[in-house]
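Visitor: One-letter residues, chain by chain:
Number of protein chains: 2
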Amino acid sequence: MRIIRAHEQIYKNYSTSPPGSCLLPYLCAMQNSSSVLKVGILGGGQLGRMLLQVAANYPVETWIMENDTECPSAHLCHHFVKGDIKNYSEVYNFGKGLDALTIEIENVNVEALEQLEQEGIKVFPKPSVLKIIRDKIQQKEYYRLHQIPTSNFVITQNLEELKQQQEFLPAVHKLAIGGYDGRGVKMIATKAELETGFDQPAVLEKMISIQKEIAVLVAINEKKETALYPPVEMLFDPVLNLLNYQLCPAELTTPILYKVEAVALAVAKNFNSPGLFAVEMFLDKTGNVFVNETAPRVHNSGHHTIEAHYSSQFDMLWRIILGYPLGNPAIILPSIMVNIIGANNYSGDVIYEGMNEVLEIENAYLHLYGKKQTRPGRKMGHITIISKEKHDLLHKANKVKRTLITKS
Amino acid sequence: MRIIRAHEQIYKNYSTSPPGSCLLPYLCAMQNSSSVLKVGILGGGQLGRMLLQVAANYPVETWIMENDTECPSAHLCHHFVKGDIKNYSEVYNFGKGLDALTIEIENVNVEALEQLEQEGIKVFPKPSVLKIIRDKIQQKEYYRLHQIPTSNFVITQNLEELKQQQEFLPAVHKLAIGGYDGRGVKMIATKAELETGFDQPAVLEKMISIQKEIAVLVAINEKKETALYPPVEMLFDPVLNLLNYQLCPAELTTPILYKVEAVALAVAKNFNSPGLFAVEMFLDKTGNVFVNETAPRVHNSGHHTIEAHYSSQFDMLWRIILGYPLGNPAIILPSIMVNIIGANNYSGDVIYEGMNEVLEIENAYLHLYGKKQTRPGRKMGHITIISKEKHDLLHKANKVKRTLITKS
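For the protein sequence lines, the chains are Y and H, in the order given.
Position 285 of the first sequence, counting from 1, maps to 285 under my numbering, and the rest follow consecutively.
When you read off a place in the second sequence, starting at 1, and then add 1000, the result is the number in my numbering.
Hints may be right or wrong, so weigh each one.
What the hints assert, rightly or not - Below 20 angstroms or equal to it, Euclidean Cα-Cα: the simulated DMTMM-like pairs (lysine to aspartate or glutamate) are:
| # | chain 1 | residue 1 | chain 2 | residue 2 |
| --- | --- | --- | --- | --- |
| 1 | Y | Lys372 | H | Asp1099 |
| 2 | Y | Lys224 | H | Glu1362 |
| 3 | H | Lys1224 | Y | Glu362 |
| 4 | H | Lys1038 | Y | Glu70 |
| 5 | H | Lys1223 | Y | Glu362 |
| 6 | H | Lys1038 | Y | Asp349 |
| 7 | H | Lys1372 | Y | Asp99 |
| 8 | Y | Lys388 | Y | Glu233 |
| 9 | Y | Lys38 | H | Glu1353 |
| 10 | H | Lys1224 | Y | Glu357 |
| 11 | H | Lys1223 | Y | Glu360 |
| 12 | H | Lys1269 | H | Glu1141 |
| 13 | Y | Lys186 | Y | Asp199 |
| 14 | Y | Lys38 | Y | Glu117 |
| 15 | Y | Lys223 | H | Glu1362 |
| 16 | H | Lys1038 | Y | Glu353 |
| 17 | H | Lys1126 | H | Glu1106 |
| 18 | H | Lys1131 | H | Glu1106 |
| 19 | Y | Lys399 | Y | Glu362 |
| 20 | H | Lys1259 | H | Glu1293 |
| 21 | Y | Lys372 | H | Glu1061 |
| 22 | Y | Lys223 | H | Glu1360 |
| 23 | Y | Lys223 | H | Glu1357 |
| 24 | H | Lys1224 | Y | Glu360 |
| 25 | H | Lys1372 | Y | Glu61 |
| 26 | Y | Lys38 | H | Asp1349 |
| 27 | Y | Lys186 | Y | Glu213 |
| 28 | H | Lys1223 | Y | Glu357 |
| 29 | Y | Lys224 | H | Glu1360 |
| 30 | Y | Lys38 | H | Glu1070 |
| 31 | Y | Lys224 | H | Glu1357 |
Just so you know, these hints were derived from the structure itself, not from any lab.
When you get a sec, could you build the whole thing from the sequences and use the hints?
Guide: Here it is in structure tokens:
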């Protein structure tokens, strides 16, 4: 098996299968000649948009399914299908004439994807992965099963069960299903706060004293070749639980870097599925690594790869879907990424102020998501800055944060 | 005036206008706040396609006009208008509700653009530039007027006039209007070959003993700030007159580099128009520089800028159209670009062979143009390779050329 580690000089070990042999008929067909593949994406948000920007480089005909006809992806695909990605028959009908499917959000009808997979349609990642990921209880049990370090936890089916966990505090209570971007998550530090927990199936996770929050993207193709992007380091807005800055590469000691990479690889490889996996981890002050969550798709923590890495996460996923060799995940230059988030005091048609000053910054790259309406906390776009110097990155990111304002 | 020279460490001289002042109401409006600009592109080929891939980063709503509903740009714009870009009323009606227009091919109705410009619609480049460029006689006279070095020439209105130019041989005969990609150009070395010339208005250019063919992209915004991309060096297929490889940066001595830059700047700045200008030049063996042709738009000679430069030619043109500061034209890494051209023996639905082997090459970037049909000599896509080492670039480009085959 070939593993590409991005933080080192790239090295390539050849596949252990004999030269010339190819066990996968699909890949063999792709190697011999390429015609256009029909690929559908469930979800039409910014991740779909950025996937479609890159799709135009490859022999692929694109379909998007999304309920909002004015979503960020609507005008960049060959075929837009208005529909509910959570509805069995709509997803099934969307997928059944296509060669392959992928997602840009986990909250999709997995049963329809399972049926489509049985009928021979490739799904990236496999529906079996989505079943684990969409339920935080199953996700935690997956980590435990594969001896992947994660915070201690207990499962609570309702508020009554939660109230018995006083000795487990301080802890974080997470809804098993439906949480997203800070929703469905509650900090519970005291006995009194137990009352504010969820009265539905949930996971209660032991609070960790977080030193750093990092993420690693892992790419796996159908030949089980693997590419590891270097870890990124994140800073969150404590109020909205939305990302402020993201620095790449994360500053880690070599032993911790290797530990982080080994953990991320273990998370991704045990799914036994091709795809792209964003593994979010906490480091505590004593150098322990804990997996927080995994997203089996292109992810906010990989936006910087568009400019700062040889092969972006979007390029990488197309290579996986189309059966091509993996791209090069290595860094071209260090980077910082700033999310452009809807200001607290505005809702309505968006106007951006300070764009000129931001685009005056050397090697700052704007990505707007084409959302017409701003709302408090809404992800409207992002800016990536690349530079050799960390202090330069931080200085410029702060300038972006101070300068660019969303209004309405 | 600010000039960014890409081959040096980037330096920035501020505008000569007093700080805070702004003479252009349009730019001032952009500086204060950005809402979505409506921009139309005349032509829907690969250059339009790559413009649209980048447009999704910016606050812009896109229109394409093109006769072929299956053209490379058709599915990547907000609004596709089927129409003839050479027809006055179709171009006029297309443009009149928009904020700005640009082109991806020169062969458009310039009179309609002039009318639209008078009505306040921004056109990049100005129609006055297109009038000069579209007629090779006017283009040559423009170079002469501005003392820009170009090969000696005589104007021939018909075959009779051409036949009187025996003493001017060997020479190249170029149709004044309608030549493109090697069509409308004839080598005339002998008296007998004079008979094969054009019986229409044309330019007869003295043959130059070409040592190198190079091109320089120049970007100019409405504030007259200027960015210079480093020169590229080209190798052409002698049969089809289509580009084989293109290397960046061109290998030039410092005195020739400065001469080339000065000439390219003079060509672009004398147009008195914002826009992107691809200036194609010949070098002879004694170090003389001759301007061959100029394209006032994104151009084949700038494809490599997508991966190999901080700001690509497509990014740069959007910055110009939207009134933002210019991007950084400097090189991230040296590059080589290989056009993927329809093989001589095939016409019909395209199939690509060898894609897997090509995408196995480290830091090779595929760009297919989504053309369903291959024809001999048709530009189907391109591949850019980036690397520190010239020999590595050449080796990989040769591998691409040997490996990737278009069939039908």
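Visitor: Honestly, which of those hints from before does the structure not fit?
Guide: none
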